[in-house]
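Please construct the entire structure, taking both the sequences and the accompanying hints into account.
Number of protein chains: 10
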Amino acid sequence: KSLIPRLPESSPTLFEAKKARNLTFEDIARKLGREEVAVAALFYGQAKASPEDIKNLSELFDVPHEVLENQLSAWPDRGRTLDMPPKEPLIYRLYEIVQNYGYAYKAVLNEKFGDGIMSAISFSTKVEKETDEKGDWVVITLRGKWLPYTRF
Amino acid sequence: KSLIPRLPESSPTLFEAKKARNLTFEDIARKLGREEVAVAALFYGQAKASPEDIKNLSELFDVPHEVLENQLSAWPDRGRTLDMPPKEPLIYRLYEIVQNYGYAYKAVLNEKFGDGIMSAISFSTKVEKETDEKGDWVVITLRGKWLPYTRF
Amino acid sequence: KSLIPRLPESSPTLFEAKKARNLTFEDIARKLGREEVAVAALFYGQAKASPEDIKNLSELFDVPHEVLENQLSAWPDRGRTLDMPPKEPLIYRLYEIVQNYGYAYKAVLNEKFGDGIMSAISFSTKVEKETDEKGDWVVITLRGKWLPYTRF
Amino acid sequence: KSLIPRLPESSPTLFEAKKARNLTFEDIARKLGREEVAVAALFYGQAKASPEDIKNLSELFDVPHEVLENQLSAWPDRGRTLDMPPKEPLIYRLYEIVQNYGYAYKAVLNEKFGDGIMSAISFSTKVEKETDEKGDWVVITLRGKWLPYTRF
Amino acid sequence: KSLIPRLPESSPTLFEAKKARNLTFEDIARKLGREEVAVAALFYGQAKASPEDIKNLSELFDVPHEVLENQLSAWPDRGRTLDMPPKEPLIYRLYEIVQNYGYAYKAVLNEKFGDGIMSAISFSTKVEKETDEKGDWVVITLRGKWLPYTRF
Amino acid sequence: KSLIPRLPESSPTLFEAKKARNLTFEDIARKLGREEVAVAALFYGQAKASPEDIKNLSELFDVPHEVLENQLSAWPDRGRTLDMPPKEPLIYRLYEIVQNYGYAYKAVLNEKFGDGIMSAISFSTKVEKETDEKGDWVVITLRGKWLPYTRF
Amino acid sequence: KSLIPRLPESSPTLFEAKKARNLTFEDIARKLGREEVAVAALFYGQAKASPEDIKNLSELFDVPHEVLENQLSAWPDRGRTLDMPPKEPLIYRLYEIVQNYGYAYKAVLNEKFGDGIMSAISFSTKVEKETDEKGDWVVITLRGKWLPYTRF
Amino acid sequence: KSLIPRLPESSPTLFEAKKARNLTFEDIARKLGREEVAVAALFYGQAKASPEDIKNLSELFDVPHEVLENQLSAWPDRGRTLDMPPKEPLIYRLYEIVQNYGYAYKAVLNEKFGDGIMSAISFSTKVEKETDEKGDWVVITLRGKWLPYTRF
Amino acid sequence: KSLIPRLPESSPTLFEAKKARNLTFEDIARKLGREEVAVAALFYGQAKASPEDIKNLSELFDVPHEVLENQLSAWPDRGRTLDMPPKEPLIYRLYEIVQNYGYAYKAVLNEKFGDGIMSAISFSTKVEKETDEKGDWVVITLRGKWLPYTRF
Amino acid sequence: KSLIPRLPESSPTLFEAKKARNLTFEDIARKLGREEVAVAALFYGQAKASPEDIKNLSELFDVPHEVLENQLSAWPDRGRTLDMPPKEPLIYRLYEIVQNYGYAYKAVLNEKFGDGIMSAISFSTKVEKETDEKGDWVVITLRGKWLPYTRF
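Chains as they are written, first to last, in our numbering: chain A, 1 to 152; chain B, 1 to 152; chain C, 1 to 152; chain D, 1 to 152; chain E, 1 to 152; chain F, 1 to 152; chain G, 1 to 152; chain H, 1 to 152; chain I, 1 to 152; chain J, 1 to 152.
By construction, these hints were calculated from the structure, which means they are not laboratory data.
Just so we're clear, the structure is a prediction, and the values are computed from it rather than from any experiment.
C-beta atoms are modelled at their ideal positions from N, C-alpha and C, and glycine is treated no differently.
You may find that some hints are simply not true.
What the hints assert, rightly or not - Cβ pair distances, simulated, as ranges:
#1 J/T24 - D/R151: 49 to 55 Å
#2 F/E59 - I/L23: 29 to 35 Å
#3 B/E9 - I/L23: 43 to 49 Å
#4 F/E9 - J/E130: 42 to 48 Å
#5 H/G114 - F/F152: 38 to 44 Å
#6 E/S50 - H/K19: 57 to 63 Å
#7 J/E111 - E/F152: 50 to 56 Å
#8 F/D62 - I/N22: 25 to 31 Å
To be verified - Okay, derived cross-link-like pairs now, DSS-like style, lysine-lysine, Cα gap no bigger than 30 Å in a straight line:
#9 B/K112 - D/K134
#10 B/K55 - C/K112
#11 E/K19 - J/K18
#12 H/K31 - G/K134
#13 H/K112 - G/K129
#14 A/K31 - B/K134
#15 C/K134 - E/K126
#16 J/K134 - I/K126
#17 B/K19 - G/K55
#18 E/K19 - E/K31
#19 A/K129 - B/K129
#20 J/K112 - I/K18
#21 E/K129 - E/K31
#22 B/K55 - B/K19
#23 B/K18 - G/K55
#24 D/K55 - D/K19
#25 E/K134 - I/K129
#26 J/K126 - J/K112
#27 J/K126 - I/K134
#28 F/K18 - F/K55
#29 C/K31 - C/K19
#30 I/K112 - J/K55
#31 H/K18 - H/K126
#32 B/K134 - G/K126
#33 C/K129 - D/K112
#34 B/K112 - C/K55
#35 B/K18 - B/K129
#36 E/K55 - C/K18
#37 D/K129 - D/K19
See the structure below:
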């Protein structure tokens with residue numbers, strides 16, 4: 001697959017093991033005690049695996065611990081998978097939300113919190129599914145620490 | 001302010017009226033029965049005002065109904081306020097979330113919903129504030145209809 | 001061919017099988033009960049094959065079912081084949097139509113349908129040939145669901 | 001409105017007259033014997049008005065013939081209204097269709113017509129509305145002359 | 001050579017055969033009954049070879065007909081060789097001519113022909129050499145069909 | 001017209017005088033003893049007017065010599081009118097010719113002339129119209145001095 | 001000055017008052033109890049003025065408090081002054097440091113602190129001058145809170 | 001790892017030796033008598049190794065002197081590792097500091113030093129860690145020679 | 001002239017005074033004891049005027065000293081006049097020299113001077129004219145201090 | 001080294017031979033009777049080798065004449081080594097000189113020579129070293145033929 005040259009060497013190992021065991025991100029997330037998005041980010045090299053994660057993944061996938069430890073030891077070099085603006089329609093929709101509502105979020109956040117930003121590091125996110133008579137709905141929650149600008 | 005040439009003519013009218021009355025987006029949202037982010041988006045020309053919105057804004061701001069109706073009659077020409085990548089640190093953090101977690105969201109959503117996208121049109125969003133011993137947290141919720149690709 | 005590194009591994013399998021059997025997209029589309037453009041999109045990794053498609057392609061091409069199933073199991077990572085603006089003259093003409101008539105389409109659609117978009121997901125398209133005394137004409141039809149903006 | 005500096009001087013004249021008379025593009029198209037999209041393109045300076053168009057517009061809008069003739073006399077300088085990639089969600093969806101299906105269209109067209117392009121000049125387009133139990137559907141038709149490459 | 005990954009597989013075959021036989025584009029053009037620029041374009045994968053071209057090239061180069069037929073069977077995917085703006089000084093000069101005289105050409109063509117374009121598809125071009133006391137001169141001729149915009 | 005801020009102050013003077021006198025570029029070119037394209041380039045500020053040109057234009061347009069002399073005295077700051085890639089369909093076709101045939105021109109020119117470039121400065125160009133039973137044809141001739149690279 | 005259209009309306013007020021009183025950033029910083037860089041950032045609209053800052057600036061510059069309060073009341077819309085890559089040689093040197101040493105900083109910081117970032121919001125910076133026999137040296141100190149990635 | 005094609009051949013040698021010996025940049029820096037950032041820059045091919053550095057690295061890593069000397073003999077071709085704007089969040093924060101405070105630094109430096117720049121060549125930098133009750137802080141120091149513009 | 005919005009306010013003053021007095025850059029350079037290029041750079045806001053320059057310019061142009069002093073007091077905000085790549089053919093040729101010979105200069109300079117750069121700040125440049133039987137030649141000399149990288 | 005895929009096949013041959021024989025560009029230039037920069041340009045595939053150059057290089061490097069002749073026979077495809085803006089600090093400084101002084105050079109050259117350009121083809125350049133009490137200085141000379149615009 002054409003993303004591979006941009007991914008760390010751990011990615012094929014993880015995706016192939018997942019496919020071979022026929023596991024979902026939900027299964028893996030439950031095992032690791034993490035959110036599905038975090039697990040998927042870890043698969044794409046966008047998050048750091050803790051020693052427990054490595055141990056759990058090794059057990060779950062029956063991949064030698066030392067292989068995973070070696071491949072997952074580097075500090076994530078985030079942001080390599082995706083060129084902006086995204087061409088993938090699903091990811092583009094998220095980008096469009098930022099483009100269309102960016103200043104609206106800023107205006108509301110400044111009013112509610114003052115001068116600062118929502119951290120994307122002290123941050124967690126999750127995805128949920130809701131279903132009603134109109135069909136299925138995706139609910140994405142972004143939760144980040146408010147960081148006020150330091151006065152200096 | 002330098003954003004003005006990129007905003008519709010309704011924007012200065014609305015922002016000045018809001019400032020003069022010293023109203024928050026929360027106040028206005030309550031009056032309009034809409035979310036704060038939707039109200040801010042309307043101020044930036046990124047959302048359409050309904051006739052009731054115009055009536056309510058006219059009352060709240062004591063601006064002649066006909067002025068607002070005239071200025072808010074155009075179909076929004078969305079996306080003019082913001083150049084990508086965003087330079088504003090607050091908005092950049094949202095962009096970075098898309099960049100870093102884009103493929104992770106896609107992987108999880110495909111697994112949970114199949115082949116499709118989360119709509120950014122059949123869509124709503126809101127901002128909430130949580131406070132704990134570590135400080136304040138921003139919680140942004142994105143809720144969009146799942147649209148499966150049509151088979152043709 | 002130089003597109004290959006940007007295509008999923010299923011693409012060479014499919015294109016070679018098609019060439020070896022000397023089949024047209026029309027032949028394949030008839031067998032699959034799909035539109036020619038959808039079939040070509042599937043070949044380029046821009047559309048998802050259903051289990052029936054895989055079964056039909058396997059029969060038609062005499063490629064082991066398991067090979068195709070394996071290669072076509074990934075969720076399409078759309079948008080990788082083409083850099084914008086397109087350099088290919090045929091594709092550029094389509095791009096030019098969007099550039100030249102984009103606002104005209106928007107103005108007419110807003111007037112006819114209100115505030116919203118034509119979906120590119122709940123969407124189908126087809127290509128037809130017409131011939132008259134002046135020569136051949138291409139007729140491309142785009143049909144997408146109208147999605148009104150949610151009021152929130 | 002912020003598009004104005006990028007539009008020819010005829011645009012405000014035409015849009016204001018249309019608004020004042022409360023006419024739709026459909027009304028104007030009927031009067032001019034042209035397609036709605038062509039009329040909207042003419043309003044945005046993307047199409048040339050014929051002498052009959054000018055005469056008809058002058059009558060319909062009760063704008064002095066000489067004013068319109070003067071403002072509409074320049075050769076259209078097409079492509080000034082829209083930056084690519086489009087930020088407007090409605091127009092972006094059309095762009096995305098080109099991006100996602102570009103090579104699929106090319107593959108099918110080459111197979112059906114040979115080596116050439118669909119003209120965007122010997123070209124017409126129209127927009128139609130269909131409604132079924134699932135809601136409203138937009139149908140856009142693109143019809144262009146097939147131009148084979150000259151052998152030289 | 002570094003262009004190779006961007007060229008179709010026929011290109012090395014053709015260039016190497018040409019070099020081995022020590023033939024000029026002029027020689028080949030004479031054999032094929034085509035213009036030199038068309039032949040060079042064919043070598044770079046920017047033009048389609050007809051069955052006669054393949055037969056003639058096979059004879060001239062003593063390359064098995066079936067090899068050439070196979071490598072030249074794909075529809076040209078034009079525009080892959082060159083990134084714009086061109087960095088090569090010779091090609092940049094052509095680009096500069098378009099940049100500097102683009103609007104002048106348009107103004108003159110509109111005046112002489114009306115509202116339309118010169119086709120780059122129903123098109124031929126040739127290169128000639130002239131010599132006078134000041135030195136050598138390149139004369140490039142571009143000849144394209146005038147396509148008026150369809151009124152619709 | 002929206003090009004005006006990018007044009008020198010002489011441009012509106014010249015275009016308005018031309019329109020008022022209802023003269024074509026051909027008329028003016030005949031008076032000045034220059035090519036039509038050169039005249040149009042001069043109107044767009046892409047070429048230098050000689051003292052005789054100024055004198056002739058002043059007579060032809062009945063504009064005071066001193067006005068024209070003053071406005072046309074600056075050294076042309078070429079290249080300001082056009083952003084690349086060009087959005088205007090007519091100009092884009094010329095750009096596409098460079099993109100598609102760039103390396104082919106280079107290959108043929110290197111073979112015919114050696115290592116060098118065709119000058120775009122010691123250069124002239126003209127536009128001609130041919131008509132046959134298939135319609136009208138544009139013939140553009142580019143003639144530039146061949147400059148060999150200096151050996152140093 | 002050509003930056004003005006990109007600056008908030010407070011900027012000319014502040015720069016002119018500073019010039020009229022012949023004050024340095026050092027003078028103003030001392031009065032406000034802030035760092036010089038913070039003061040300059042405030043002048044360019046890149047930092048928020050506190051009520052005390054406004055009071056102090058009003059006294060120092062003898063500008064009516066209400067004028068400053070009004071002009072400085074908006075939330076900073078950061079990042080509007082500078083296009084990247086910077087063209088200004090002084091600012092480019094800072095950009096080059098990031099470009100050349102970016103991965104080196106990351107490698108060292110990951111090793112010293114773990115997986116996270118240095119905040120640019122919980123952040124302060126200052127500029128100092130050192131002089132030795134070789135001449136003058138600029139010392140810029142960047143001090144930011146280390147934010148570890150949240151595990152989720 | 002995906003950065004490798006952009007790094008000189010010395011990089012894998014050095015990173016693997018470092019990992020095998022389990023050494024930190026701090027360890028290596030102490031051995032070489034250099035700053036940690038300089039050492040990391042050397043690993044990424046962004047700094048030149050002196051003969052002593054090569055000797056020391058050879059001893060420390062037990063890699064044949066001649067291997068290192070050979071791989072480290074080229075003049076650094078700086079700037080190949082990082083595309084701007086940086087996608088990596090840690091590096092982006094440094095970029096953002098330049099973007100947000102660029103003109104503020106310039107204003108303060110011009111006032112303190114006159115017309116010139118801070119050199120990024122006659123330059124050193126270091127990273128330190130501070131810890132207080134609020135957590136850990138990164139302190140980056142940039143020290144560069146002030147270069148006044150030559151009057152000529 | 002269309003460059004004006006990007007130039008400091010001193011530029012029109014200086015260019016108009018120069019034109020009114022019919023002075024060449026050579027005349028002014030002689031009066032100021034500076035190089036012609038430095039004088040032209042000063043006119044475009046790319047260099048700083050010293051108090052003597054201001055005094056000399058005031059005398060030469062008979063413009064009140066205080067006007068010039070006021071307009072020329074700002075620190076130059078260099079790099080605003082020119083977008084890269086340059087579209088102006090004359091300036092493009094200089095850019096092309098950097099593009100074509102950039103690595104060659106680097107290779108030769110590293111070999112002659114070691115690891116470092118030629119300063120563009122401790123730098124002067126001049127333009128000379130030579131004439132021989134082949135015509136006129138431009139000789140541009142760039143002279144900059146060699147700055148070795150600091151070892152740290 | 002990471003530049004290699006962008007270089008012609010002759011480059012590794014030449015660089016390795018140079019390194020093996022421990023020759024400087026100065027040595028090679030003397031042997032070839034060419035300038036050092038021209039030699040380095042030839043090594044990077046930016047200049048054409050004459051038959052004498054090939055003979056001389058073959059002797060000097062003791063590389064079979066036929067190998068060099070074969071590898072150096074292609075017409076240079078200039079401009080492939082360097083992306084603009086250059087990231088390498090040494091090359092960036094040259095780029096910055098064009099950016100900062102581009103219009104100044106143009107203004108002086110127009111005044112001294114009229115309407116035209118300095119050729120980058122009928123062009124030579126050299127690098128010299130000067131040393132004084134302040135240190136080392138680089139002197140780069142650019143010498144190009146003045147080409148006046150043809151009047152047509």
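Status of the given 49 to 55 Å range, CB of D/R151 versus CB of J/T24: Given a distance of about 54 Å, which is inside 49 to 55 Å, the answer is holds.
Straight-line alpha-carbon gap A/K31 to B/K134, limit 30 Å: Roughly 28 Å separates the two Cα atoms, so the pair holds.
Pair hint outcome, E/K19 versus E/K31 [Cα-Cα no greater than 30 Å]: This hinted pair holds, its Cα atoms lying about 16 Å apart.
Pairwise hint evaluation, B/K129 against A/K129, where the allowed Cα distance is 30 Å at most: holds (23 Å)
F/F152 and H/G114 - C-beta distance against the hinted 38 to 44 Å: holds (40 Å)
Straight-line alpha-carbon gap C/K134 to E/K126, limit 30 Å: This hinted pair holds, its Cα atoms lying about 28 Å apart.
Beta-carbon spacing of F/E9 to J/E130 - inside the hinted bounds 42 to 48 Å or not: For F/E9 and J/E130 the Cβ distance comes to about 45 Å; the hint holds.
Straight-line alpha-carbon gap J/K134 to I/K126, limit 30 Å: It holds: about 21 Å lies between the C-alpha atoms, which stays within 30 Å.
Restraint status (C-alpha distance of C/K31 to C/K19 at most 30 Å): Judged against 30 Å, a Cα distance of about 16 Å means the pair holds.
Given pair status - C/K18, E/K55, alpha carbons within 30 Å: Given that 30 Å is the threshold and the Cα spacing comes to 24 Å, the pair holds.
Distance restraint evaluation - J/E111, E/F152, Cβ atoms, bounds 50 to 56 Å: Once the Cβ atoms are compared, 53 Å apart, the range 50 to 56 Å for E/F152 and J/E111 holds.
Outcome for the supplied range 57 to 63 Å, where the beta carbon pair is E/S50 and H/K19: The hint (57 to 63 Å, Cβ to Cβ) holds, given that E/S50 and H/K19 are roughly 59 Å apart.
Of the numbered hints given earlier, the model fails none.
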